[in-house]
Structures are given as structure tokens and as C-alpha cells.
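Peer 1: Letter by letter, the chains look like this.
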Amino acid sequence: MSSAWMNIQRNLNKLRWVVLSIVFCMLILIPFLHLYQTYEASHAYDLLSPTEKSISDTMEWLSSPFIKDAETDLNKLKGTTWSATLFGLKISDPLAVVGQISAGKTIYLPFLMTALIPILFTMIFGRFFCGWICPATFIYELNDSLGTWLRKAGLPVSRRKLDFRLKYLVLGMGIVISALMGVIVFAAMYPPAIIGREIYYAIALNGFGAGMVFFLLTLLFDLMVTRRGFCRYVCPGGALYSLFGRYRLFRIKRDVEQCNDCAKCNVVCQFGLDPLRDNFSQECNNCTACIAACPTDALSFTINIKDIPNQGAGHLGHEHRRQQE
Amino acid sequence: MKRRTFIQGVIGTGLASLLSENVLAAKNQPSLRFLRPPGSLPEEEFISRCIRCGKCGEICPNRCIKYFDSENGLLSMDTPYIIPREKACILCMKCGEVCPTGAIQPVEREMNAILKNVKMGVARVDKTLCLSYQGKTCGVCYRACQLQDVAIRTGMLEQPHVLDGCIGCGLCERSCIQIPQAIRIIPDHDRVVV
Chain A
1 MSSAWMNIQR NLNKLRWVVL SIVFCMLILI PFLHLYQTYE ASHAYDLLSP TEKSISDTME
61 WLSSPFIKDA ETDLNKLKGT TWSATLFGLK ISDPLAVVGQ ISAGKTIYLP FLMTALIPIL
121 FTMIFGRFFC GWICPATFIY ELNDSLGTWL RKAGLPVSRR KLDFRLKYLV LGMGIVISAL
181 MGVIVFAAMY PPAIIGREIY YAIALNGFGA GMVFFLLTLL FDLMVTRRGF CRYVCPGGAL
241 YSLFGRYRLF RIKRDVEQCN DCAKCNVVCQ FGLDPLRDNF SQECNNCTAC IAACPTDALS
301 FTINIKDIPN QGAGHLGHEH RRQQE
Chain B
326 MKRRTFIQGV IGTGLASLLS ENVLAAKNQP SLRFLRPPGS LPEEEFISRC IRCGKCGEIC
386 PNRCIKYFDS ENGLLSMDTP YIIPREKACI LCMKCGEVCP TGAIQPVERE MNAILKNVKM
446 GVARVDKTLC LSYQGKTCGV CYRACQLQDV AIRTGMLEQP HVLDGCIGCG LCERSCIQIP
506 QAIRIIPDHD RVVV
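Sequence order for the protein chains is A and B.
Going by my numbering, the first sequence opens with residue 1, and the numbers climb by one from there.
Going by my numbering, the second sequence opens with residue 326, and the numbers climb by one from there.
Treat the hints as calculated values from the structure; they're not laboratory data.
Check each hint, because a few of them may be wrong.
Far from chain B by the CB rule (all over 10 Å, computed), these chain A residues [stated by the list, open to error]: (1) Y168; (2) L249; (3) D261.
To be clear about the criterion: a stretch of chain B counts as covered by chain A if any three or more of its residues have a C-beta under 8 Å from a C-beta of chain A, and this derived list gives those stretches [stated by the list, open to error]: (4) 369-380; (5) 386-392; (6) 400-411; (7) 423-429.
Virtual Cβ for every residue (Gly too), placed ideally from N, Cα, C.
My request is simple: use the sequences and hints to build the entire structure.
Peer 2: Next up, the structure:
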């Protein structure tokens, strides 16, 4: 393993935060660009209120290097992570496709095709959406840091464990209820879909809707019941990505000869997995926090479709030495 | 109480309340006179196709598309609607283009394609309210219509007559100078194209 590649991997967690921030900023930016478009379409700049004028000016300054005609060119950039139009290419969340098929009981091919790219990436990188893109993750991780501070301040922050299989039950029930009601229920309970929509409502329409209440409840659930509980135990999208990513190509592997059993990886893992004993499983979202935390560079990405079974104590640790004697 | 029974109880109650007629029945709600965006599928199919992504509203240059909260029943939560008296559809047909699921079908922005594929409702004139029928020549609804002489024509004293070609975009209702408006769109949620 060359040290340059290791260096990159140690910094992937920072890169991940950059990506998460960019996605979140885009969710805020796109509704503002939409407002700018409507101001352009109404051809009445001088009649705008001062706030509207400043929105219009800022958006013009931001977008003018890339486009010629705001009214039409900005139509290529629309939507949220639930379903987006990126430079003319339509991309949808696989959960939206699954939910829509069960609600409509028909397969609409053009819509199915929009989920191909995410599914392909998931089969290579596993639950990468959960760790690298999901706008809810951005907030949930900040919420988790808040939980850590509250804990240090002496407030009771519960971190009990539930059964991770609960979310597969939620996924299955969601599909059944969607089929029974003829409505995609995931749209109302899937945090990234809710966040994208609510940000748009808040900026361009009349403020937050009912979905925001649900999202705030999930934040409380994460603080009061279990760490990152919604992603780990409830999220139907996480369940679907886990299933698609079960035999992912890229996964994190522990080099047992370099490991010193310090267990920092287990502490930083917000999903409560066990990198220290090689238990990543399909739940791992490749967030690379453990790689960044490892003091001996024992954790790194490999290409392998299965996890390595428990390799035992790290060779640089006390336990291994005791076993040798 | 055991945890298992508690969870079963919660899930059971949730399911029951979700499926109960009261919550389900958008049909039983007091009738809101709303339109769906142009090119939408018949109501029940529309509800099952729409994934609530919000892109139709995000692309609407006229900002006439809004979204239901819970006022029209849980089934139509977060689905797009148009109230023509507030802001009517200008038939730019961009929402159908951006819709990923075909809940709003893509329709070309061309008269024959629109006449063939779009049916949001149909306009109805209230002759007791309409100025032209009271002898005060008006004709504003006719001037506002994008499909003049196909959807609406004027007779003596600019009296409006709605024709079969009316697709219910609502520009006439929006422009009517009477309060309350003398011409209204009656939504057609089966969206049968004549």
C-alpha cells in the first residue's frame, strides 16, 4: 500500500463533509434560482421589493458565468435528492421507484431508468448515499455531535441498541401500505425527501409544512432513544441501499497486523458497527470516519465482495501479545 | 407491558388509523375547487404516480403550482394544485417535461397536442354575474384566452360562449373583472379529453 493512497484515504472523511455541504447548499440554492427565474420571467425588476431584488442580484451574480438565458437554461438544474434533474439528466432515489411501482402497480420505464445510476453506484460503493449525499445525514451528524456535547455537559443522552432489522420491516410494510392505499407513503416518512421538499416550501412557497414536524421528531428520537437511530433502525431508504450494497465491491478492511486494538474506530462509528473486529456488514455506509480516526493506518479500502470474518486481536495490541505467550 | 406487545400495538393502531375511511377519503372532504397541472393523469392514477418531488412547482415560471398540506386529505398531501382565480396556468407545459414519473404527462407546446392531451376542467359562465350579459360590453375572458375561437368565442355585446375546445387553464377566471368572478373553471378530475 503506497503511502500517498493511504494519505488520500485518511482525508476522505473531510472530503465527505465537503460533498455533504455542497449537496445541502444546492438544496437551498435551487429554490432561490427558481425564484430568480420567475423574477426574470415576469420582466419587472424595478417592481421587486428590496429583498427580492437582492435575491435576484445574488442569483444573477452566481449563475451568470454558467448560463446565457436564466429563464430557460436554469431549467436543467431542478429538484432534490429524492428526484433531481441534473444538467438535463433525470436521477431518482431507488426508494422513489420502488414506492411508485408498489403504489401505481405499473412499471413506467422512463422513471425506472432514472434510478439506474444510483443503483449501480450502490452496488459498487454500498450505502454511499447515506454517508456522502443524504441531506438528512448532514443534519443527523450535527445532531449527533450535539448529543456528544450534551453528554459531556452531564445531560442524559440515551444510546440504547435496537435490532437493525427493524428497518427492513419498515421497508416491507411501506411497500405493502403503498400498494393498499395507492399512494407512495415513503414520500411522507423518508427524511431526505422531506428535507428537500421543506426547504423548497420554506424558500419559495409559504413556509414549512407538516413534514418538518416529523423530521424534528426523528431528531429527538436520535437524541433521546438511540444514536443515529433513524438511519440505523427505521429508514426505509437505508434498508433498500443496504440490500443493494450487500455485495458491494469497495469495502473497508482491517489489516490485523497493523491494528493495535485501540478501539477508536468503534467509538467514532455513528452506526454502531464493529470495525475493531471486522464487522462492517451491509450496514456500513463507507463514511470513512474510522479510517480517519485509526492511529496506525490499519483500516483501508479494498476490493472484495464479502467482509473478512473476524481476524481476532490486532497484532500490535496487548491481547495478541498475551495470546502469543 | 412487554416491548413486543407495545410495538405491535403501535404498528396496529397506526395501520388502522391510516386505513380508516375518514383519513383516507379525500373524496369525502369538502370540495376544494382545485386544478391539477396540465397533462395530469386522471385523479386516482395521478395520486398513485406522483412521488411528491416538487419539481413541477420548481419549474413553473408563473408560480401558479402550489402544494397541498393536509387540507385535502392525507392522500393528496404534498401533491401539486392550481387555484385559477389566484394564479392560472399559462400552458407553458414545462411541468410535464420535468415530471419524472409521468404523473404529469409530457405534452408538446403546440395547439393540437395540447387540445388532444390536456383537460384540467371546463369554463362555465354565470350569466347573472357576467357584465356582457347585463348589457355592459366586456369580453375580458375572451381576450385572456390563449385558445381564442377554439375554447371560447364571443357573440353579441362580447357575450362569452364556451366551446368544446376549452381545456380549463383558468386564464379567463383569473382575468374576470367581476367579484365574484362570472366565469369559473369546473375541474374535471377524470380528465376526459373531448
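Peer 1: Which hints, by number, does the structure contradict?
Peer 2: Failing hints: none at all.
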